[in-house]
Amino acid sequence: DAGVIQSPRHEVTEMGQEVTLRCKPISGHDYLFWYRQTMMRGLELLIYFNNNVPIDDSGMPEDRFSAKMPNASFSTLKIQPSEPRDSAVYFCASRRSSRDKSSGANVLTFGAGSRLTVL
Amino acid sequence: RKEVEQDPGPFNVPEGATVAFNCTYSNSASQSFFWYRQDCRKEPKLLMSVYSSGNEDGRFTAQLNRASQYISLLIRDSKLSDSATYLCVVSEIGTISNFGNEKLTFGTGTRLTIIP
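Chains as they are written, first to last, in my numbering: chain A, 1 to 119; chain B, 1001 to 1116.
The following block holds chain A by itself, in its conformation from the complex (with noise of 0.2 Å):
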């Protein structure tokens, strides 16, 4: 199993540029997860996904912000356009459903995450 991928794993860029991140998750999982993460706000969920379609979407800080997943193994999120406040690491994370709802059943697996910074 690769794991969840990421792409790019760092990126730079001029303030107005677009940005897309890609991510694919683990075969199999069900849910797939974006989040954000600062050292002054830690890890924020964006949006998340299961089954494709877009579930919960409250995180996503403004219209600039959009993501997709257009088939079970990709989906990207994208800025547009990009400000230097959007400088943070992106995580995508995937995970599987499942009936039991003990501790050990959702668990999270995270991709390595995209670096962005915006000039």
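Hints were generated in silico from the structure; no laboratory data involved. Careful, some of the hints might be misleading.
Unchecked claim - Calculated lysine-lysine pairs in the DSS-like style (CA-CA distance at most 30 Å, straight line):
| id | chain 1 | residue 1 | chain 2 | residue 2 |
| --- | --- | --- | --- | --- |
| 1 | A | 24 | B | 1042 |
| 2 | B | 1042 | A | 78 |
| 3 | A | 68 | B | 1103 |
| 4 | B | 1103 | B | 1002 |
| 5 | A | 24 | B | 1045 |
| 6 | B | 1079 | A | 68 |
| 7 | B | 1045 | A | 78 |
| 8 | A | 68 | A | 78 |
| 9 | B | 1103 | B | 1045 |
| 10 | B | 1079 | B | 1042 |
| 11 | B | 1002 | A | 78 |
| 12 | B | 1002 | B | 1045 |
| 13 | B | 1042 | B | 1002 |
| 14 | A | 24 | B | 1103 |
| 15 | A | 68 | B | 1045 |
| 16 | A | 78 | B | 1103 |
Said to hold, decoys possible - Over the 12 Å line for every Cβ pair with chain A, so calculated as not near, a few chain B residues:
| id | residue |
| --- | --- |
| 17 | 1020 |
| 18 | 1043 |
| 19 | 1089 |
Beta carbons are placed, not taken as given, at the ideal position from N, Cα and C, and that holds for glycine.
Please build the complex by placing chain B on the supplied structure of chain A, with the hints as guidance.
This is chain B only, laid out in the frame that chain A set:
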């Protein structure tokens, strides 16, 4: 009040010592609890789940106190390799009746450095 609160640290602890972290959560309806570990410039990884009766995994012990709404992590005989940020994670069942629809809320983490 934050949903999940942790002491950010840093905790600087000599090798071999015992260290404990607490984490408080605000939602009494929270269902599941976890500790994740995050190494510098890496992704968070599950360290252990926290069960109602408390659980132990080697040198690590996790406990849950529902009445006071906190969870704890105890590390015994600390090793240099334990240096990391420890994230407290709380799961709430979403309003939609769906066994998979749960919201995980992360604390901002407690940074631990083990000193040789």
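Status of the hints after comparison with the structure:
Note on residue 24(A) and residue 1042(B): the hinted pairing holds, with a Cα-Cα distance of about 18 Å set against a maximum of 30 Å. Between the alpha carbons of residue 1042(B) and residue 78(A) the distance comes to roughly 22 Å, so the proposed pair stays at or under 30 Å and holds. Distance hint between residue 68(A) and residue 1103(B) is fulfilled; the C-alpha atoms sit about 19 Å from each other, no more than 30 Å. With a C-alpha separation of about 15 Å, the suggested pairing of residue 1103(B) with residue 1002(B) holds against the 30 Å cut-off.
A distance of roughly 17 Å separates the Cα atoms of residue 24(A) and residue 1045(B); the hinted pair therefore holds under the 30 Å criterion. Only pairs whose Cα atoms come within 30 Å are accepted, and residue 1079(B) paired with residue 68(A) is rejected, the gap being roughly 42 Å. For the hint linking residue 1045(B) to residue 78(A), the alpha-carbon distance of about 25 Å falls within 30 Å, and the restraint holds. At roughly 8 Å between alpha-carbon atoms, residue 68(A) and residue 78(A) fall within 30 Å of each other, so this suggested pair holds.
Between residue 1103(B) and residue 1045(B), the direct Cα distance comes to roughly 17 Å. Compliance with the 30 Å bound is thereby established for this hinted pair. A distance of roughly 19 Å separates the Cα atoms of residue 1079(B) and residue 1042(B); the hinted pair therefore holds under the 30 Å criterion. Simply put, residue 1002(B) and residue 78(A) have alpha-carbon atoms about 28 Å apart, close enough for the 30 Å limit, and the pair holds. Straight-line distance between C-alpha atoms of residue 1002(B) and residue 1045(B) comes to about 22 Å, which keeps the hinted pair within the 30 Å bound.
At roughly 24 Å between alpha-carbon atoms, residue 1042(B) and residue 1002(B) fall within 30 Å of each other, so this suggested pair holds. Between the alpha carbons of residue 24(A) and residue 1103(B) the distance comes to roughly 21 Å, so the proposed pair stays at or under 30 Å and holds. A threshold of 30 Å between alpha carbons decides the hint, and for residue 68(A) with residue 1045(B) the separation of about 25 Å falls inside it, so the pair holds. A hinted pair counts as satisfied when its Cα atoms are at most 30 Å apart, and residue 78(A) with residue 1103(B) qualifies at roughly 22 Å.
Non-interface call for residue 1020(B) relative to chain A: holds, since the shortest CB-CB distance, roughly 20 Å, exceeds 12 Å. The non-interface label for residue 1043(B) is inconsistent with chain A: the shortest C-beta to C-beta separation is roughly 4 Å, within 12 Å. The Cβ of residue 1089(B) sits about 8 Å from the closest Cβ of chain A, inside the 12 Å cut-off, so the non-interface label is violated.
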